[in-house]
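Using the sequences provided together with the hints, build the complete structure.
Number of protein chains: 2
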Amino acid sequence: MDIATRVYNHQWKIDPIVRSLIDTDFYKLLMCQSVLRNHPTTQVTFSLINRTTEVPLARLIDEGELREQLDHVRTLSLTRGESTWMRGNTFYGKRQMFTPSFMEWFENLRLPPYHLDRVGDQYELTFEGAWPEVMLWEIPALAVLMELRSRATLRDMGRFELEVLYARAMTRVWDKALALRDLPGLKLADFGTRRRHSFLWQDWCVQAMVEGLGEAFVGTSNCLIAKNRDLEAIGTNAHELPMVYAALAKDDDALAAAPYQVLADWQEEHSGNLRIILPDTYGTEGFLANAPDWLAGWTGIRVDSGDLVEGAETAIRWWQERGEDPREKMVIFSDGLDVDEITRLHGLFADRVRVSFGWGTLLTNDFRGLAGDDLAPFSLVCKAVAAEGKSTVKLSDNPAKAMGPEDEVKRYKRVFGVGDQRVREVVV
Amino acid sequence: MDIATRVYNHQWKIDPIVRSLIDTDFYKLLMCQSVLRNHPTTQVTFSLINRTTEVPLARLIDEGELREQLDHVRTLSLTRGESTWMRGNTFYGKRQMFTPSFMEWFENLRLPPYHLDRVGDQYELTFEGAWPEVMLWEIPALAVLMELRSRATLRDMGRFELEVLYARAMTRVWDKALALRDLPGLKLADFGTRRRHSFLWQDWCVQAMVEGLGEAFVGTSNCLIAKNRDLEAIGTNAHELPMVYAALAKDDDALAAAPYQVLADWQEEHSGNLRIILPDTYGTEGFLANAPDWLAGWTGIRVDSGDLVEGAETAIRWWQERGEDPREKMVIFSDGLDVDEITRLHGLFADRVRVSFGWGTLLTNDFRGLAGDDLAPFSLVCKAVAAEGKSTVKLSDNPAKAMGPEDEVKRYKRVFGVGDQRVREVVV
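Protein chains in written order, with the numbering used here: chain Y, 2 to 429; chain X, 2 to 429.
No wet-lab data here; the hints were simulated from the structure.
Ideal Cβ positions, reconstructed from N, Cα and C, are used throughout, including at glycine.
Every beta carbon over 12 angstroms from chain Y, so not counted as near; a handful from chain X, in silico:
(1) Ser199
(2) Glu329
(3) Gly348
(4) Asn399
(5) Lys411
Looking from chain X toward chain Y, a few residues come up when the C-beta cut is under 8 angstroms (computed):
(6) Gly159
(7) Glu164
(8) Val165
(9) Arg169
(10) Thr172
(11) Trp175
(12) Gly213
Here are some, though not all, of the chain X residues that point toward chain Y, as calculated from beta-carbon distances under 10 angstroms:
(13) Tyr167
(14) Ala178
(15) Gln208
Written out as structure tokens, the structure is:
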């Protein structure tokens, strides 16, 4: 029987990295449904940006291999079983989270073309077209680049050297579980799809957390793994919504209103634990100060940049000012987390709010120091850079994560009343 | 095809620990051939002794399971492929190391009955009968006990907990290889069969050393692994020869001569690197002082107890006194070795003699601290305790390893001129 497997494997042209359209973050699908309803024809451009320029992706990764992987992603379509899972499952306790009309559209989707150029030691990889289609390239594009870079490093290693590499990485992940398992009332989810070491590795890490953390591990943002391992799919919404809404704004007043319009649209579709505010796109402080009262009624807030303690304290003060009880509110931390930071934040806030953690890169790609630094995670993103021909802007609570043309950044800062910000190193 | 494997596995009554008569140390087979030639009908008793009485084997290991494993060993006979390997292979550069008459005997061998009793928290496990048959129980009996104890500890662990346990152990073994790989001219062999964590684990450790140490790893004492992995089988002779020869001695003069008679018999069969003296059975110093001159012409010496540096220095002095050049002599260290000790001894002696290492328990069973101490190796031996009704005696260079009835120990000390000895902790 090994013969059959071996012969079957002979026939592979490539070992595909992304093998399913739902090997993506749950919130991409939620946002996609929202975008398809509210902005089905908006033209956008997504672009891959390697913030860690010291990692020379174009020297490490063969262009032909990269094209083969991206071409393979374009052959994918939703399988019957995947469709059944999305239609039949409950998400956040709700049936039919995805409407029949969205599902029909999704079942017929193939991802649109990509544009790939080599510029120096980096790749320029962009996607243009209708927002609901283009946006679904983000996660597979990142996963392909991340894993090809891993493979480039692993290629020259011996069999036992490889086994021990993974032994070390497994030990490290398990030690993290052991360090976290005794935090009372911990709630933690895997948010590590986009910068994972590889698909199989993410799948391993998630299963290790299921065994190691038990009830404290509430699920994964990866839909395929959630489906295969019978876990909760986790996620709400991301910066791309306010960024595109803002780029589409006709004038400064519309710009100032755009981030709230995003959430007004969102509120029409979602309730409960899906009503999570992501306030930092144009500065958390101003966003909350100018927010309409109905937003204070939402379930919680996601703190994704800047000083995480300050971000949570700002939210708590804001809820108190608006007459809400913070103890009933959820605070989800999701920026550069690892064991120490999770432990510290849990200690500071577990008694004051409902704390939860979206643990990303340092869960699914902590290979720091294991092959020198050739496998260390790096800061690769794939962002909406333009909508209907206008550049998007992100300010964030950390200027190191800001993006957009200089004059537009200046204008956004004025409109959103963002003053001086402290630069913080982007961990991953 | 997974179905067939699964269904095939359904049919196992047990998962056998020892699956081959050559899953044993090479020197047992060499000694067996010698014994079959010189003492084919000598009646001996071998007995299992747990020197680490804190490990309550009879509480950890179910008697029924132990019997099943031992019964399974008794069903084994030499396979055609194993016989072919023993007949056709070169060992230490020599063809037909095993004579046709020995091979014919071995092909027809089944291991003799065993006697098992529970005494308190320990098992009393003994084997009685003709020396060449009984002696082959030693390694399988130890391997069965060691691995059943491992299984008892592993039984309650989760799947990922298990995977991480082995990940940690693999990392540890690999780190040992990394620490040793740069020692110039290192020669090291696996001697870890008897106290291995499990067969599969020993097999993994050996393969990891092949990749990690390259030329420095010269082979394994385990014949089955040597055969399967196409490695050199390593080993010469052990204490059981002088112990039984000594027990058979009619008077004090014969006793004093017995250890040399062993080597005289050995010399008739073996040359070159198989002429290795094991001098410590009744004290190294006296053994060498009283040795006949022809012994100084042998290839080397194995230092297996006491202060290893002192043992090697004694040998070097002895060779010099007998007009031999120590730089042409081999010194094999084989007692309680681990990375630091190997590095230290290599540093002290590599320029002065041909150093070699027989690395045992801490290569194939270093699980110290990985499941508390429930998997830590312990000092289990299986020794010839009587021959033709007379107790055997071992003095060793470490009184903690001595054995035999008190009055006989006293007599041996007198005959071999052994004075005060320093007690050293038995590592494993």
